[in-house]
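So the sequence lines, in the order shown, correspond to chains P and F. Its first residue numbered 1, the first sequence is counted upward by one per residue in this note's numbering. Its first residue numbered 1, the second sequence is counted upward by one per residue in this note's numbering.
What the hints contain is simulated information worked out from the structure, not anything from laboratory work. Warning: the hint list may mix true and false statements.
A pair counts as met if it fits within one copy or between any two copies, since identical chains are not told apart.
[Said to hold, decoys possible] Each computed DSS-like pair below joins lysine-lysine, with the alpha-carbon atoms no more than 30 Å apart:
#1 K128 with K225
#2 K46 with K107
#3 K141 with K107
#4 K117 with K232
2 protein chains.
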Amino acid sequence: MTQHRIYNFNAGPAALPLPVLEEIQASFLDFQGTGMSITEISHRSKPFDAVINDAVGRTQRLLKLGDDHQVLFIQGGASMQFCMIPMNFLGEGDAADYVNTGAWSTKAIKEARIQGKTVNVVASSEDKDFSYIPGNIPFTKDAAFAHITSNNTIKGTQWAEFPDIQTPLVSDMSSDIMSRPFDASRFGLIYAGAQKNIGPAGVCMAIIRKDFLDRTPAGLPAMLKYTTFADKNSMFNTPPCFAIYTLQLVLKWLEETVGGLDKMAAVNQEKADALYGFIDNSDFYRGTAEKESRSRMNVTFRLPSEDLEKRFIETALGEGFGGLKGHRSVGGCRASIYNATGIDAVNALVAFMAEFEKKNA
Amino acid sequence: MTQHRIYNFNAGPAALPLPVLEEIQASFLDFQGTGMSITEISHRSKPFDAVINDAVGRTQRLLKLGDDHQVLFIQGGASMQFCMIPMNFLGEGDAADYVNTGAWSTKAIKEARIQGKTVNVVASSEDKDFSYIPGNIPFTKDAAFAHITSNNTIKGTQWAEFPDIQTPLVSDMSSDIMSRPFDASRFGLIYAGAQKNIGPAGVCMAIIRKDFLDRTPAGLPAMLKYTTFADKNSMFNTPPCFAIYTLQLVLKWLEETVGGLDKMAAVNQEKADALYGFIDNSDFYRGTAEKESRSRMNVTFRLPSEDLEKRFIETALGEGFGGLKGHRSVGGCRASIYNATGIDAVNALVAFMAEFEKKNA
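Please take these sequences and the hints and turn them into a complete structure.
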């Protein structure tokens, strides 16, 4: 079945690996000989147990997790995590450090404060429109955790290295999880809405260090406690089966086809270098993030005028490049180049950008 | 593409209409000419707006909703609603009536009480193992709402008619929504995990009467407030796009192919009559729910011994009838005959049951 496909630079939901989509399509009426679609099988069945356990196992291997971390799947996206994190991890008298690097960090801080929790905003890049990642941050000594947003989709910034502190880190990695290797042992919680790098919308991966599970207070509603998910392998109630299944296939692709996170990171670096390199050599396009804080996932850039940006986005779409519009809150242009967007797509985009510049400069 | 398909009697996730699955499959790599999968398009795009708005419009028409109700899509299943309902609708000094008709009602009550809310359990059928729906219920006069579970998947009971009281009703309709027409105007909130009658796991439909939105207190986390979903057409954050899309196609099938809820209810009655009629004429099979409380969605029955039940379930599976095992908490057998399970499947099951009886009685 040959079908029309575009180069997809969406910020999320975003491109998925074509072999994953093809496998879902081929088996959609009959999942592994069950005579049912993956959307029709029971979550209390051996075939689905195999799916979720495989997703957990691949996550453990890809991120080199030790036994002290547990992999959970929760609904509600990162936004639900903004709420659950302070609810579970900040008891009476506790305070947490948050670094504010953009809209998502700001929301995370808001959701903690609305619960009456004590938040120290120990650094912020709001002074320069969130165009950089702060350095030399005065983290508090006794904070319950330090919260960061590892990659900022809207402004196109990313932590090159994570803070080297004793306080356990908590990070929203929605937009760069599985894009590069890192030392997970320092994180009390890593969470990631799947719809950028690891799957479709509708499931959030949460990787929790087991000592953080002990912090959950008694008396919380079941669906708001991490322990509920940890105790039941994320199946206290019916999980989002299709989203978990798709995520499992994406991780399989990452492990078996790409070859793991070192290789994925190299490809992602190559893609980012190609795009930023072209932008830096152009007087027509201009990157918006400070160079040392640039994201390898979301390349944000401007053209000489908003009119040209509008024409650029429209012309690109007509030529098969989708998703290049900047976030509605900031305008401009953005190319999201997550794991599933190949170097071929980036090279084609660069060629298009050069052509557009030639015609419109 | 011809693929192996079984008769699916799963309790949830459950059978979906075959034309819906085929449409998803056919367009899975290229949704409506976008050159992207439905799992890859932005939720902030015209094609997805059309999907969610169509799902809302069809819900309004199928249930004949007035302007005073709003249709929302929330993650976390009915279990999250168990938590959100008391959080949003029970203020200081308020109390709610709950009718306890089984495991799901029991969980709903627990989630209200854990928040310190006042719950009056005004009736319970626990005295007879939840095998019936209570009558002549002494509802409280000034309750904030009266909560019922319209259909009980585990014990196979269903409210034939809803309580005729002034208090606004709140109902978990996860397992019978869209199976029959009813007067929605008396409900402050109707909620339904999609994975039984209207879609895949991963999205919960919530139909809220607008005066109930006014009850939401200030100071709740964003993802736990109904107003957050109402204010943003369920897209405050990234919604579970694929689940909503599938749900939209199921509602389209219900409206355009089946012909609406009157016709669906007639088919469902025919299916239930065929199965219960056969069971009642047999000395081998025995229904477990009281006759006047029987569910038209979940037909629970026993065989003369647990050994025979085990053999029945295994033999059935071998002959292409899946999902006939009773809930793990109660054992026995159960045939879930939701909207998407056709009369052909029920007739085939009855023929199989007759044959099995002949061989094993």
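Each hint tested on the structure:
1. K128 with K225: neither (37 Å within a copy, 33 Å between copies)
2. K46 with K107: Between copies, since 26 Å is at most 30 Å while 39 Å is not.
3. K141 with K107: within (24 Å within a copy, 41 Å between copies)
4. K117 with K232: both (28 Å within a copy, 26 Å between copies)
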